[in-house]
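Q: These are the residues of each chain, in order.
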Amino acid sequence: MAATVLGISALYHDAAAALVTDGEIVAAAQEERFTRKKHDPRLPRNAIRYCLEQAFIEPSDLAAVVFYDNPLLTLDRALKSLLSVAPRGEEQWSEAAWSTLGVKLFVANEIRNILKADVPLIFSRHHLSHAASAFYPSPFERAAILTMDGVGEWSTTSIGQGEGTEIKLHKEINYPHSLGLLYSAFTYFCGFKVNSGEYKLMGLAPYGTPKYADLIREKLIHFKPDGSYRLDTSYLGYLDGNVMTNNRFHDLFGGSPRKLESRITRREMDLAASIQKVTEEGVLGLARHTRQLTGMRDLVLAGGVALNCVANGLLLREKIFDRIWIQPAAGDAGGALGAALLVSHRRFGAKRKISANGRDGQKASYLGPSYSSAEVRAFLDRRGYPYEVVSDRQERAQRIAASLAKGRIVGYFSGRMEFGPRALGARSILGDPRNPETQATMNLKIKYRESFRPFAPSVLAERASDYFELRQESPYMLLVAPVRKERQLPFNLAEHLDFGDDDMLSVVRQPRSDVPAITHVDYSARIQTVHPDDAPQYHGVLEAFEKLTGCGVIVNTSFNVRGEPIVCSPEDAYRCFMRTEMDLLVLEDCILLKANQPPMKDDTDWRSEHALD
Amino acid sequence: MHRQVFQYHPTIGYHFIPGLRARIEAEDGGYLVRVNETGFRCEHEFVRQKSPGKFRALLFGDSMTAGEMVSNKDRYSDQLERLLPSLEVYNFGLPGTGTDQQYLIYRDIGAQFEHDLLLIGVFVENIRRVVARYRPAADRDGREWIQPKPYFTLRSDGELELHQVPVPKDPIAPDQLAEAEQEHVDTYGKFPRVRRAIHALGMRELAQRLTKYQPLPNYESASDPSWILLKAILTQWIQTAKVPVVVCPIPMDQYIEQTSSPEGYQARFRELEPLPRTIVHDPLPDFWKFPVEERRRFRFKHDRHLTPGGHRVLAESLSKVIAPLMHQAERIS
Numbered sequence: 004m005a006a007t008v009l010g011i012s013a014l015y016h017d018a019a020a021a022l023v024t025d026g027e028i029v030a031a032a033q034e035e036r037f038t039r040k041k042h043d044p045r046l047p048r049n050a051i052r053y054c055l056e057q058a059f060i061e062p063s064d065l066a067a068v069v070f071y072d073n074p075l076l077t078l079d080r081a082l083k084s085l086l087s088v089a090p091r092g093e094e095q096w097s098e099a100a101w102s103t104l105g106v107k108l109f110v111a112n113e114i115r116n117i118l119k120a121d122v123p124l125i126f127s128r129h130h131l132s133h134a135a136s137a138f139y140p141s142p143f144e145r146a147a148i149l150t151m152d153g154v155g156e157w158s159t160t161s162i163g164q165g166e167g168t169e170i171k172l173h174k175e176i177n178y179p180h181s182l183g184l185l186y187s188a189f190t191y192f193c194g195f196k197v198n199s200g201e202y203k204l205m206g207l208a209p210y211g212t213p214k215y216a217d218l219i220r221e222k223l224i225h226f227k228p229d230g231s232y233r234l235d236t237s238y239l240g241y242l243d244g245n246v247m248t249n250n251r252f253h254d255l256f257g258g259s260p261r262k263l264e265s266r267i268t269r270r271e272m273d274l275a276a277s278i279q280k281v282t283e284e285g286v287l288g289l290a291r292h293t294r295q296l297t298g299m300r301d302l303v304l305a306g307g308v309a310l311n312c313v314a315n316g317l318l319l320r321e322k323i324f325d326r327i328w329i330q331p332a333a334g335d336a337g338g339a340l341g342a343a344l345l346v347s348h349r350r351f352g353a354k355r356k357i358s359a360n361g362r363d364g365q366k367a368s369y370l371g372p373s374y375s376s377a378e379v380r381a382f383l384d385r386r387g388y389p390y391e392v393v394s395d396r397q398e399r400a401q402r403i404a405a406s407l408a409k410g411r412i413v414g415y416f417s418g419r420m421e422f423g424p425r426a427l428g429a430r431s432i433l434g435d436p437r438n439p440e441t442q443a444t445m446n447l448k449i450k451y452r453e454s455f456r457p458f459a460p461s462v463l464a465e466r467a468s469d470y471f472e473l474r475q476e477s478p479y480m481l482l483v484a485p486v487r488k489e490r491q492l493p494f495n496l497a498e499h500l501d502f503g504d505d506d507m508l509s510v511v512r513q514p515r516s517d518v519p520a521i522t523h524v525d526y527s528a529r530i531q532t533v534h535p536d537d538a539p540q541y542h543g544v545l546e547a548f549e550k551l552t553g554c555g556v557i558v559n560t561s562f563n564v565r566g567e568p569i570v571c572s573p574e575d576a577y578r579c580f581m582r583t584e585m586d587l588l589v590l591e592d593c594i595l596l597k598a599n600q601p602p603m604k605d606d607t608d609w610r611s612e613h614a615l616d
Numbered sequence: 010m011h012r013q014v015f016q017y018h019p020t021i022g023y024h025f026i027p028g029l030r031a032r033i034e035a036e037d038g039g040y041l042v043r044v045n046e047t048g049f050r051c052e053h054e055f056v057r058q059k060s061p062g063k064f065r066a067l068l069f070g071d072s073m074t075a076g077e078m079v080s081n082k083d084r085y086s087d088q089l090e091r092l093l094p095s096l097e098v099y100n101f102g103l104p105g106t107g108t109d110q111q112y113l114i115y116r117d118i119g120a121q122f123e124h125d126l127l128l129i130g131v132f133v134e135n136i137r138r139v140v141a142r143y144r145p146a147a148d149r150d151g152r153e154w155i156q157p158k159p160y161f162t163l164r165s166d167g168e169l170e171l172h173q174v175p176v177p178k179d180p181i182a183p184d185q186l187a188e189a190e191q192e193h194v195d196t197y198g199k200f201p202r203v204r205r206a207i208h209a210l211g212m213r214e215l216a217q218r219l220t221k222y223q224p225l226p227n228y229e230s231a232s233d234p235s236w237i238l239l240k241a242i243l244t245q246w247i248q249t250a251k252v253p254v255v256v257c258p259i260p261m262d263q264y265i266e267q268t269s270s271p272e273g274y275q276a277r278f279r280e281l282e283p284l285p286r287t288i289v290h291d292p293l294p295d296f297w298k299f300p301v302e303e304r305r306r307f308r309f310k311h312d313r314h315l316t317p318g319g320h321r322v323l324a325e326s327l328s329k330v331i332a333p334l335m336h337q338a339e340r341i342s
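Listed in order, the protein sequences are those of chains Y and W.
Following my numbering, the numbering of the first sequence begins with 4 at its first residue and continues without gaps.
Following my numbering, the numbering of the second sequence begins with 10 at its first residue and continues without gaps.
Next comes chain W alone, as it looks inside the complex (with noise of 0.2 angstroms):
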């Protein structure tokens, strides 16, 4: 890749520099991103003001939102407006963000652009990053960094802490960080070398059910702190909102193929919806309308990433929530 595509942010980290255009190489050849002058990966120009006639949400979420792997075209968001045509997302999604970034990004900059419904998009994988103060980041050679992040604490009076902003800037390599600080980088579950040299003998799938392999555990309790920090996150986000709010859960490719059981984060989602003003929808059940054959098809070969099928699915899912209320706010207009 000749280009770099992310720049520096104080609180967030990163986001994408403005205006970028590039074809980023993937296993199926690769695909298009464009980047809007504020920095997200969106169609939209962002502007202030709604557009006459058009229903606004904006959207927040991880590389499964921003669409790595697939052109902008094809991700859930560009779907969604081709199937509600006066339906206007705004992108705000970015790869390897948790919900603590997301929601940051929305507070210091999404919240500025006026808008009819917040969709949150959460891959349910985010339990683990917001938990973490780095993540694991390669640079164009190949080398290992340690990227530091942003980060929230739960105060003993259930108040989100901000830390480490602003974000330092220097990556740090793997051999630098303090002892004490290794625990709080996200190594994608537990068992990382086992899990990389059975991803490498190309035994993934075959492991997952013999072991009954249940990648998100922290879901499986109420009272586990990722999840009661995942949730003061949640619910401190939109209780700031002042739109309706749609939450949608983003399955891993476990629970899309059912070698994992969902129970557990499904359970947890829904403990947000008593929150005002707040709709849960789980697309899961969307996607096991199909064979898992074709489900298979949902991501790549190589990577757990949606492909424009998957994106697809979650597209018309949404649709399905969404439209009504675009009907609840044409009535009430």
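Bound conformation, chain Y alone (with noise of 0.2 angstroms):
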């Protein structure tokens, strides 16, 4: 009979579900997606309801429910760091007693209470959790493992390899030295909120020069041969108070924390430059010791830092592994997935089946809830939204090429939502690359965000390489490369930035390439690759796309407004369609046209429905 797992991560950010059959991944999803409260950490009861819903079974089918941590092992680290900086550290104290003592060691009771039924419960390791999460999908037999967060119980990085269904770790870094908390930390004093900002502060980085970068080496992070590094924790407040900054910090920066939403300067860019620099630094030095290690050829990457996109693409161009694969849901929600995949493997002894043809065992992260068109349609029905129906595959991607090359911003709302924090073309806003406007129209007029943040491209897989100097395929957008020499315009940065001008506008709207929306500053671009066998609509999308403009690549952001978890049912996407300057909306076979609806009722006050991230 097969052994279906149910893997958990919570009570820390992004809580999460996932369930794996036989060592098949089945469903998994974050719960903030359902609760619409972004990173939501509570017992994922509503992603744990959706999983069950997926595989159909009763709780009392499942063969173990597994805890991607230990929180004896955390409370044990909570205790022993507050002894160690006693007697300052009473505010870290009230916080951790909360949420270490007062939730997480009951957590197998609470989950018990939401499944109602007798389930053996194991808890894995945090980092053992990442470490699986990356190697057991991933396409390789045998691969080095690099996991790299925040912290996890005691650890901040592991290093280790994983052959057949074995993982061994072979080395840990230790808290409080975390590469992770230290570009927390920088995410912080740069004015944008931990845990979800470290994405603006590496999409700021290019704007600015790296010259904080020997300081920070200097004085913070201090890397060793073997590519380990210790951090001098007597700048940093995460030890001893509730915010990641202390004083020591803020005199060596230049003053105090940039406040939330206030003008980004110049000192917030080259800060953001530099710890970026060094982190690459501290990824690279760290792949290095690895590949040492373990003489592996390839490596899988799991743990928050493999999200930063940037030091992925680095790491990929130096060559340090034949290939890499990251995990898509590379923080805390994928823990939930490399729970269950561990326990599957190795306690119910599930063996791991690798594509011959390459492709790994992620299912391109489609892994969330679908939606059939009888569902969606009910629901327009219901609600008595005018729509069309066009059933006919092709001639819907037509008509979304058409919209797109018209300049429009189309809502597309396809299959089964993505698993991990990027959209892949489920849950995606889409617009032309080609467009120098539609950078800033998408960022003020949809995402209601800062308009310095980049937008990603989707490319057709196998055009790839036309537009972008990237190795290898790129399906979780987790790979930033250049986009080729011979597309790119002349631009010089420095010319451009104009601190008079509102959220560097100006700069934003200069064209660096003859797909500006997507190129960054430097000419970066955060990739994400289209392959047909993973998304055969979202590809036809693009393919027709192409044959329209001759242009193989769009727009690709994430389907929510700023501070909004990702959409995940029709009623969520409708709901952003009508509250942002969206022209078009795609659910499943349904096409709704925005100047057709009817005006929202008592909806003004919807943006104090999410805070700012």
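Heads up, a few of these hints could be off.
As the list claims (entries may be wrong) - In silico negatives: residues of chain Y with every beta carbon more than 10 angstroms from chain W:
id: 1; residue: ASN49
id: 2; residue: SER87
id: 3; residue: LYS171
id: 4; residue: ARG266
id: 5; residue: ARG294
id: 6; residue: LYS356
id: 7; residue: GLU489
id: 8; residue: ASP606
Claimed, not checked - Here are the in silico distance ranges between beta carbons for each label pair:
id: 9; chain 1: Y; residue 1: LYS604; chain 2: W; residue 2: GLU188; range: 18 to 28 angstroms
id: 10; chain 1: W; residue 1: LYS251; chain 2: Y; residue 2: ARG396; range: 39 to 49 angstroms
id: 11; chain 1: Y; residue 1: LYS40; chain 2: W; residue 2: HIS311; range: 38 to 48 angstroms
id: 12; chain 1: Y; residue 1: LEU615; chain 2: W; residue 2: ARG149; range: 51 to 61 angstroms
id: 13; chain 1: W; residue 1: TYR197; chain 2: Y; residue 2: ARG266; range: 29 to 39 angstroms
id: 14; chain 1: W; residue 1: GLU302; chain 2: Y; residue 2: TRP609; range: 48 to 58 angstroms
id: 15; chain 1: W; residue 1: SER165; chain 2: Y; residue 2: LYS40; range: 57 to 67 angstroms
To be verified - Calculated pairs, BS3-like style, for lysine-lysine (alpha carbon to alpha carbon, straight line, at most 27 angstroms):
id: 16; chain 1: W; residue 1: LYS221; chain 2: W; residue 2: LYS329
id: 17; chain 1: Y; residue 1: LYS448; chain 2: Y; residue 2: LYS262
id: 18; chain 1: W; residue 1: LYS329; chain 2: W; residue 2: LYS63
id: 19; chain 1: W; residue 1: LYS310; chain 2: W; residue 2: LYS221
id: 20; chain 1: W; residue 1: LYS310; chain 2: Y; residue 2: LYS119
id: 21; chain 1: Y; residue 1: LYS597; chain 2: W; residue 2: LYS178
id: 22; chain 1: Y; residue 1: LYS597; chain 2: Y; residue 2: LYS448
id: 23; chain 1: W; residue 1: LYS82; chain 2: Y; residue 2: LYS119
id: 24; chain 1: W; residue 1: LYS63; chain 2: W; residue 2: LYS82
In short, the hints are calculated from the structure, not lab data.
Quantities reported herein were computed from a predicted structural model and do not represent experimental measurements.
Note that beta-carbon positions come from the ideal geometry of N, C-alpha and C, so glycine has one too.
Both chains come to you apart, so use the hints to assemble them.
A: Here it is as structure tokens:
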């Protein structure tokens, strides 16, 4: 009989559930998508329900439930860390006492309360779960494993290897020495939210120069020849306070942290560039040591730091490893998947199936719920929203392509929702990358977010090398690579940086290539290669766009507004469509035009629904 | 719940979204709902012609029959199939409906499928629903609405007349419903506010025992207009059918747990026995075979729908009346 394992991650940030049957991933989703609360850390009641729904099983059919880390070890770390700084750390203690003692220790009871079934409950280890999430779904029979995040239990970085169904972790770097927490400290200092603003900091980095990199290396982080590192925690606040940085840190970098939502200055740009550079050095150092230690030719990555796609792209270009594969849900959400895979393979003896065609086992990360055409129509009919059914897939793709080519912005909802933080063409907002206005329009009128933030391209996998200098597929938008030289246009960032301007708009509006909307100020792009086997419908849209315009690339950003989780259901999608200046909404085989929709009633203060991230 | 479960239907009001697969959260964790392509919660895809060697029953009812709170496999329809392996039950149960809507489902959808038996599971509370023109509903955000439904009235010549078809699509805000129509909203019985308060205090059973609460007084008299209408609907339905009919009054928990007397409804349903090819099967005595404490476990702690155990009792009870019909059909064939 098939052994089905439910994996759960929760109670820190990005709670999620995942279901694995005999080593095959059946379902995975983040709780935030259902509760509509970004990074929702609560036990993932809704995601669990969805996983059982997708597998169509009862909780009593589960062979085991596995929690992605060990709350006792987290408690151990919290207590010992606080003792090390006592009598300081009172604030830290009160917070840790609540989150650890208050909830995590009772996690077993809480999970049983949700399931109402007596299923064996197993606790994994945080970095082992990350490692499993990276190795098992990868297309590699054997690979080196590198996990890096803020902290999980004691560990912040681990190095290991996987072969067949076996995973061994050889080395760990322990708290408080953490590349992830150091990056988060700068995220905080630059005025972005920790655990969500890291991505913004990475996007800001190309605007600056790494003038503080030496200072960071000198004062904050010391790299050793074996790739390991130590932090000088006397500059950091997380050990004995409730914020990431302290006055020593502030003195080092010229004053107080930037206030949330205030103007971004040259200092923040340079700090972003500096910490990005240092982080890249750290990742490369660890990768080199991992190669040396394991002798493996391929590498898999997970942990929050593995979402740093700029560092990932550099790692690929440095050719330390032949190939790399990164878990698309690299953060804690992916821990649920890794934990379930680990138990499925190691406890229940599931065999790994490596695809002969080189595709991975992540199923393009389309692991969330889907909604049938009947469900979509039932929703639209019930609400009386006008729509047109375009059942023919090719015709639908042509209609979407034609709209994009006219400069319209399209909300695209198709198939199973993505697992992980990136929208990959199932819950995406699409635009024309050739239009120099697209980036500003999408940032300001669609996403309602900072104008400096770049957009990512989806490109036909078979045409990727025509546009980008990328030597392997990037199906999960986790690799950054340069736009090909011949496509680049002359552009001098320094000339265009105008601090009197509102939010760097003048820079954003300068074309930097023949696909300006997805070309960042350093000519880089965060690429999603779209393979027809992974996403036939989305691939069809790209093909139709290419046929119409000669361009095999479209802008793809997540279907949400700032602070909102990516949409999950047709209702979420419709609401987001109506609240923004999108022109067209595609809900499976139904096409809705904004111009035909009735105005939303009683929805004037919707912006207060989502706290800015 | 991230999914919408029902879609609009112009005659019935709504039915399940075809092809839906969902897990719905409930007090004991949740339950699995699988809907076939016709839009009913049934493990079978409906096909016109009977399968060889199978005895096919078409089953109609409300949430008790559709299996609210339990997975498809735990419902009495599905348990019946396990008890009687050559029985095939097409479950047309639809939550929230009255016997009037269930008859319309038979008339407009069910009757086209070949069958050997018509099985009508009348949750006895349906007597209130057949006289209602609207039922309360709540949306995903918990907002209360009034949902129009189709309904029959009896003409002076004794014929049934159908109203409110096509059923208005849009739900009505409670304060927007015309005053003259307010009395036609099914409020689940009298004194809704008092009832809600007693429920909130967890004193439902005590209050019912002390007051000798009779939840369905409309059954007390053969001349009650609600019963006359329900009887007329059932009579027309039975007369339309060309196969044996089993009418099964499904008791409310007050009757199962004997906090209220069932004599009224039992007497009324016996009035249907003279109808041709009709068996009225009362499953209540089979529930009463169990001690009271065990009977309490036939419904959920906070919800009155049948548990899998309650469905089992109902299935076993019905099997006693269906098995002979199957043997009879087998002998004839």
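Q: Now tell me if each hint is right for this structure.
A: Outcome of the hint check:
{"no.": "1", "hint": "ASN49", "result": "violated (7 angstroms)"}
{"no.": "2", "hint": "SER87", "result": "holds (43 angstroms)"}
{"no.": "3", "hint": "LYS171", "result": "holds (37 angstroms)"}
{"no.": "4", "hint": "ARG266", "result": "holds (38 angstroms)"}
{"no.": "5", "hint": "ARG294", "result": "holds (44 angstroms)"}
{"no.": "6", "hint": "LYS356", "result": "holds (25 angstroms)"}
{"no.": "7", "hint": "GLU489", "result": "holds (46 angstroms)"}
{"no.": "8", "hint": "ASP606", "result": "holds (12 angstroms)"}
{"no.": "9", "hint": "Y/LYS604 <-> W/GLU188: 18 to 28 angstroms", "result": "holds (24 angstroms)"}
{"no.": "10", "hint": "W/LYS251 <-> Y/ARG396: 39 to 49 angstroms", "result": "holds (45 angstroms)"}
{"no.": "11", "hint": "Y/LYS40 <-> W/HIS311: 38 to 48 angstroms", "result": "violated (26 angstroms)"}
{"no.": "12", "hint": "Y/LEU615 <-> W/ARG149: 51 to 61 angstroms", "result": "violated (25 angstroms)"}
{"no.": "13", "hint": "W/TYR197 <-> Y/ARG266: 29 to 39 angstroms", "result": "violated (59 angstroms)"}
{"no.": "14", "hint": "W/GLU302 <-> Y/TRP609: 48 to 58 angstroms", "result": "holds (51 angstroms)"}
{"no.": "15", "hint": "W/SER165 <-> Y/LYS40: 57 to 67 angstroms", "result": "holds (59 angstroms)"}
{"no.": "16", "hint": "W/LYS221 <-> W/LYS329", "result": "violated (32 angstroms)"}
{"no.": "17", "hint": "Y/LYS448 <-> Y/LYS262", "result": "holds (24 angstroms)"}
{"no.": "18", "hint": "W/LYS329 <-> W/LYS63", "result": "holds (18 angstroms)"}
{"no.": "19", "hint": "W/LYS310 <-> W/LYS221", "result": "holds (21 angstroms)"}
{"no.": "20", "hint": "W/LYS310 <-> Y/LYS119", "result": "holds (14 angstroms)"}
{"no.": "21", "hint": "Y/LYS597 <-> W/LYS178", "result": "holds (23 angstroms)"}
{"no.": "22", "hint": "Y/LYS597 <-> Y/LYS448", "result": "holds (14 angstroms)"}
{"no.": "23", "hint": "W/LYS82 <-> Y/LYS119", "result": "holds (18 angstroms)"}
{"no.": "24", "hint": "W/LYS63 <-> W/LYS82", "result": "holds (19 angstroms)"}
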